[in-house]
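The chain contents come next:
There are 2 protein chains.
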Amino acid sequence: MVRKMLYSLSLQTRIFDFHSSAFVAVLHEKDALDLGVRALDRVEVLNPKLKRSAVAVIDITEREVRKGEIGLFEELRKELLIKKPVKVEVRAVPALESVSFIRKKIRGEKLSSVEIQKIVQDINAGKISELELSAFMTSVFIRGFDIEETVSMTNALLSNGKRIEFAKKPIVDKHCIGGINGRSTLVLVPVIAAAGYCIPKTSSKAITSAAGTADSMECLANASLPLKKLKQVVEKTNACIAWGGALDLAPVDDKIIKVEHPLKLDPQGQIIASVMAKKAAVGSKFVVIDLPVGPEVKLASEEKAVEISEKFKKVGEALGIKVKSLITNGRLPCGPAFGPALEAKHALQILEGRVFDSMAEKSCRLAAVLFSMVEECSEEQGFKRAKEIIESGKALEKMQEIIQAQGGKRISSEGISVGRLMQAVLAKRNGKIVSASVKKLATIAREAGAPADKGAGVWISAMPGSFVRKNDVLFEIFAENERKLAEALSLAEKLDAIEMQ
Amino acid sequence: MVRKMLYSLSLQTRIFDFHSSAFVAVLHEKDALDLGVRALDRVEVLNPKLKRSAVAVIDITEREVRKGEIGLFEELRKELLIKKPVKVEVRAVPALESVSFIRKKIRGEKLSSVEIQKIVQDINAGKISELELSAFMTSVFIRGFDIEETVSMTNALLSNGKRIEFAKKPIVDKHCIGGINGRSTLVLVPVIAAAGYCIPKTSSKAITSAAGTADSMECLANASLPLKKLKQVVEKTNACIAWGGALDLAPVDDKIIKVEHPLKLDPQGQIIASVMAKKAAVGSKFVVIDLPVGPEVKLASEEKAVEISEKFKKVGEALGIKVKSLITNGRLPCGPAFGPALEAKHALQILEGRVFDSMAEKSCRLAAVLFSMVEECSEEQGFKRAKEIIESGKALEKMQEIIQAQGGKRISSEGISVGRLMQAVLAKRNGKIVSASVKKLATIAREAGAPADKGAGVWISAMPGSFVRKNDVLFEIFAENERKLAEALSLAEKLDAIEMQ
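Keeping their order, the protein sequence lines are chains P and D. Each residue of the first sequence is one higher than the one before, starting from 0 at the first, in numbering that gives the first Met the number 0. Each residue of the second sequence is one higher than the one before, starting from 0 at the first, in numbering that gives the first Met the number 0.
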């Protein structure tokens, strides 16, 4: 449409105090007809005084703006540096090249690295609408990314996000393809840092689970660290446990994850690219991936886990990062705790040497994989080393150092404040516990208020394999609010989260 | 997430004078966290006084609303009958069943008619976001709809739209899988109506072309007929030529077409369902489909045309509608005119018996197909009959009747007002015209102001096959505005729309 580049209208701006991930402008239908554009097409808006322009996705209205006006959403207003109503020049722009590349993926063709780079740039620049991004992720889900495309996407995310340089080397990292409870990161990080390696860990908050690592860390210290502070913490302690969301490391990834959520799209290539870009952005050279396998977690079978671990390895090779995966047990809860404070408490109990359970074991195995890569030792030697670091108290000491560097106070597992209300769920008869559903327990913990109420959650008293008598405690529900406690209890009655034989 | 059904918040409404195709509500991020919902999740909003509730897609903000408030977009406010700020009850709702069916299609599974019905109902109810709809159409494009799914979609569109009953029988109709100029509808409809059959034609406005049938009809009469008026017109004249958009016959289809536009998605099954639902909604029993084939129109090859014609036929059978397709020439312009008034003028010239060119021929062939179905005659006989109806002046008389019934005045082709400005594009040398690009000529017509400026457009003077001398007129550009004329001319200089040997 060559026409579109020539013809422009001069329109009066009107500000909508409204935010969106793409730049959005609103046109009256008559002006849209005049410009030859439809809803969801794009226009270029030029602020002539400042000679600033931006490309925006348009919405068309009969009512929100009058003919002769253009509505600007907040991001667009800011981009154009418009403070009070002015006249802007508006012209239709031809279809974006990046959108034609999205169409290429929809048609089933492979994308080149240049094409993926262009798409990611335009997502970053707010030119791609959520609707287009959703179509893109749907096509990536259906058509797939091969290894080359995954590497291209990783590089594109990396070059359209922030990088952080750390002086200490080597930098190591860990990622879990989630769905399981237990904050092994809170055990692993101090073990690795105590061994002298640099592990600047960024973590997420809970999405569908009862707690994310960042939620648990917030019970111990400040997890929202500005970049400068984060660097200081790492400089001082070899480590950090920070909320990635506060750092805006991967702005494009955040937009992608937002549109993937409604349809629970999880294209494997995109997941791998997203993880690896974040690792590369902090300069990691050795990464261990925790792959829990079980019917209720993301990876349902060992084959799927092996498949994704191979891809992680190959993408890592292309980026100069050594990646090893560890397939772990996702069929059982990883430790007794569900909920931010309870999971933090459990991690501290391990560091304090009070318990050495399945989560402690998993944490040491993950550390062992990292040691085996960095020191070229066997995983057995690595495991022994990790366990010794915990037993010697060095890991606990390192954790206290990290907590204090992040603005927290020395704290023991007993000192962590959990929900002020508690109610136990009891066994209805004598018998053997045969299973405990990670999903149902997480749902009960969320009903009790987790993760928003930090002290809320569930603590299992009787793990699968153990025998209980009638009226023994199966699990305790913690809450900060009576209504939520009652709702969680009533849900627990229905769900049968812990099954007995 | 069972939790979500139990816990609710009482929030103060705040109205956003903003429209969207789905119901949209805006929550403060703290309230969202408390409810356990993320951006693009859904909440149920209850207006307790009136006991009215609706499910809305949410957006999450730190700024547009305060904690304790909920922003309502216009459609949602209307649905809840809220006039001034009130307290509403807000609770998270579990994932929609229809969204799980969309995910099923994404995974490549076939959808049942019940599932498609549910999806379409939820689109109609404003529960499906544009982003989800975009993912759905992307998956339909990639995975395809088989005949059964196409029939299900047709029925679902039909039962979620309006139907119009006409007393006259049989009802016949025509559809063109577009991309070509020439308003054969303006010739076909009066021919069919003059033969005594009922043809209540609804048409669209131009999207990417220089004119739609509704745009051209607006140069002759009123094309935006309310339902009651439309029925009167058909009762009186056997026909109408109305803008479908004014009737809101297929509200779901309109939403689907909107989201398909940015990525130019045109899943074949969806196109067929959309066309057939509109035909069934007015009770059509015989339908002819015009399938122009050429490198610049929607159908690039004869094979594709045959494939889609077979599908139309099968879907028609399932609905009790007899469908025949006609493959037509999409390689050349269909008549000399591009632009609303010019194309109307050309159609009237044919009805007046002044010309009998390729568009007249095509119109008669389309009429012949309809006659052959309704009267069980041969297409040759049908063609002869159509031509006679034109030559006898009956078609012209019928067209005048329709124009007057739709509020227009008797008009001749000479009486149609075209752009007040005209500039001819001349041959640069002697030679033979070898081709004329439909796409380029339409682009020049749009640059001149079509379809918004009704009189603007292009009129070809020298058709492919003819010989011209230097400075002979190749085509004329009409416009209503000097700037647009100049822009169209400058574009014409560059585009080489008419090629000479």
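Honestly, the hints are just simulated from the structure, not real lab data. A couple of the hints might just be wrong.
[To be verified] DSS-like, lysine-lysine: derived pairs with alpha carbons at most 27 Å apart: (1) 230/D - 66/D; (2) 310/D - 29/P; (3) 66/D - 254/P; (4) 109/P - 297/D; (5) 235/P - 321/P; (6) 227/P - 254/P; (7) 103/P - 77/D; (8) 263/D - 227/D; (9) 29/P - 29/D; (10) 393/D - 103/P; (11) 103/D - 77/D; (12) 86/D - 254/P; (13) 48/P - 86/P; (14) 230/D - 284/D; (15) 161/D - 393/D; (16) 109/P - 303/D; (17) 168/D - 254/D; (18) 303/P - 438/D; (19) 117/D - 257/P; (20) 103/P - 29/D; (21) 103/P - 82/D; (22) 29/D - 257/P; (23) 109/P - 312/P; (24) 109/P - 103/D; (25) 204/P - 263/D; (26) 263/P - 29/D; (27) 66/D - 204/P; (28) 29/D - 439/P; (29) 263/D - 263/P; (30) 321/P - 77/P; (31) 257/D - 83/D; (32) 254/P - 263/D; (33) 168/D - 257/D.
[Unchecked claim] Non-contacting residues of chain D with respect to chain P, defined by C-beta distances greater than 12 Å in every case (computed): (34) 49; (35) 106; (36) 117; (37) 228; (38) 297; (39) 300; (40) 364.
No residue lacks a Cβ here, since even glycine has one placed at the ideal position from N, Cα and C.
Now for the hints, and whether the structure bears them out:
1. 230/D - 66/D: violated (52 Å)
2. 310/D - 29/P: violated (38 Å)
3. 66/D - 254/P: The hint holds at about 24 Å.
4. 109/P - 297/D: holds (24 Å)
5. 235/P - 321/P: Within the cut-off at roughly 25 Å; holds.
6. 227/P - 254/P: With a Cα-Cα distance of about 24 Å, the restraint between residue 227/P and residue 254/P holds, given a limit of 27 Å.
7. 103/P - 77/D: violated (40 Å)
8. 263/D - 227/D: The given pair, whose Cα atoms are some 34 Å apart, is violated under the 27 Å limit.
9. 29/P - 29/D: violated (40 Å)
10. 393/D - 103/P: Status violated; Cα separation ~51 Å.
11. 103/D - 77/D: violated (33 Å)
12. 86/D - 254/P: violated (32 Å)
13. 48/P - 86/P: holds (9 Å)
14. 230/D - 284/D: Given pair residue 230/D, residue 284/D holds - Cα atoms ~18 Å apart, limit 27 Å.
15. 161/D - 393/D: violated (33 Å)
16. 109/P - 303/D: Measuring from Cα to Cα gives roughly 24 Å; hence the hint holds.
17. 168/D - 254/D: violated (31 Å)
18. 303/P - 438/D: Measuring from Cα to Cα gives roughly 49 Å; hence the hint is violated.
19. 117/D - 257/P: Cα-Cα ~25 Å, so holds.
20. 103/P - 29/D: violated (40 Å)
21. 103/P - 82/D: The given pair, whose Cα atoms are some 47 Å apart, is violated under the 27 Å limit.
22. 29/D - 257/P: Roughly 17 Å between the alpha carbons, so the hint for residue 29/D and residue 257/P holds.
23. 109/P - 312/P: Cα-Cα ~21 Å, so holds.
24. 109/P - 103/D: holds (24 Å)
25. 204/P - 263/D: violated (37 Å)
26. 263/P - 29/D: holds (23 Å)
27. 66/D - 204/P: Holds: residue 66/D and residue 204/P sit about 20 Å apart, inside 27 Å.
28. 29/D - 439/P: holds (25 Å)
29. 263/D - 263/P: Holds - the C-alpha atoms of residue 263/P and residue 263/D are around 24 Å apart, at most 27 Å.
30. 321/P - 77/P: Answer violated: residue 321/P to residue 77/P is near 42 Å, above 27 Å.
31. 257/D - 83/D: Violated. Residue 257/D to residue 83/D sits at ~32 Å, over the 27 Å cutoff.
32. 254/P - 263/D: holds (22 Å)
33. 168/D - 257/D: violated (34 Å)
34. 49: At about 24 Å from chain P, residue 49/D clears the 12 Å cut-off, so the statement holds.
35. 106: violated (8 Å)
36. 117: holds (16 Å)
37. 228: holds (21 Å)
38. 297: Non-interface label stands for residue 297/D: nearest chain P Cβ at 15 Å, farther than 12 Å.
39. 300: holds (16 Å)
40. 364: holds (31 Å)
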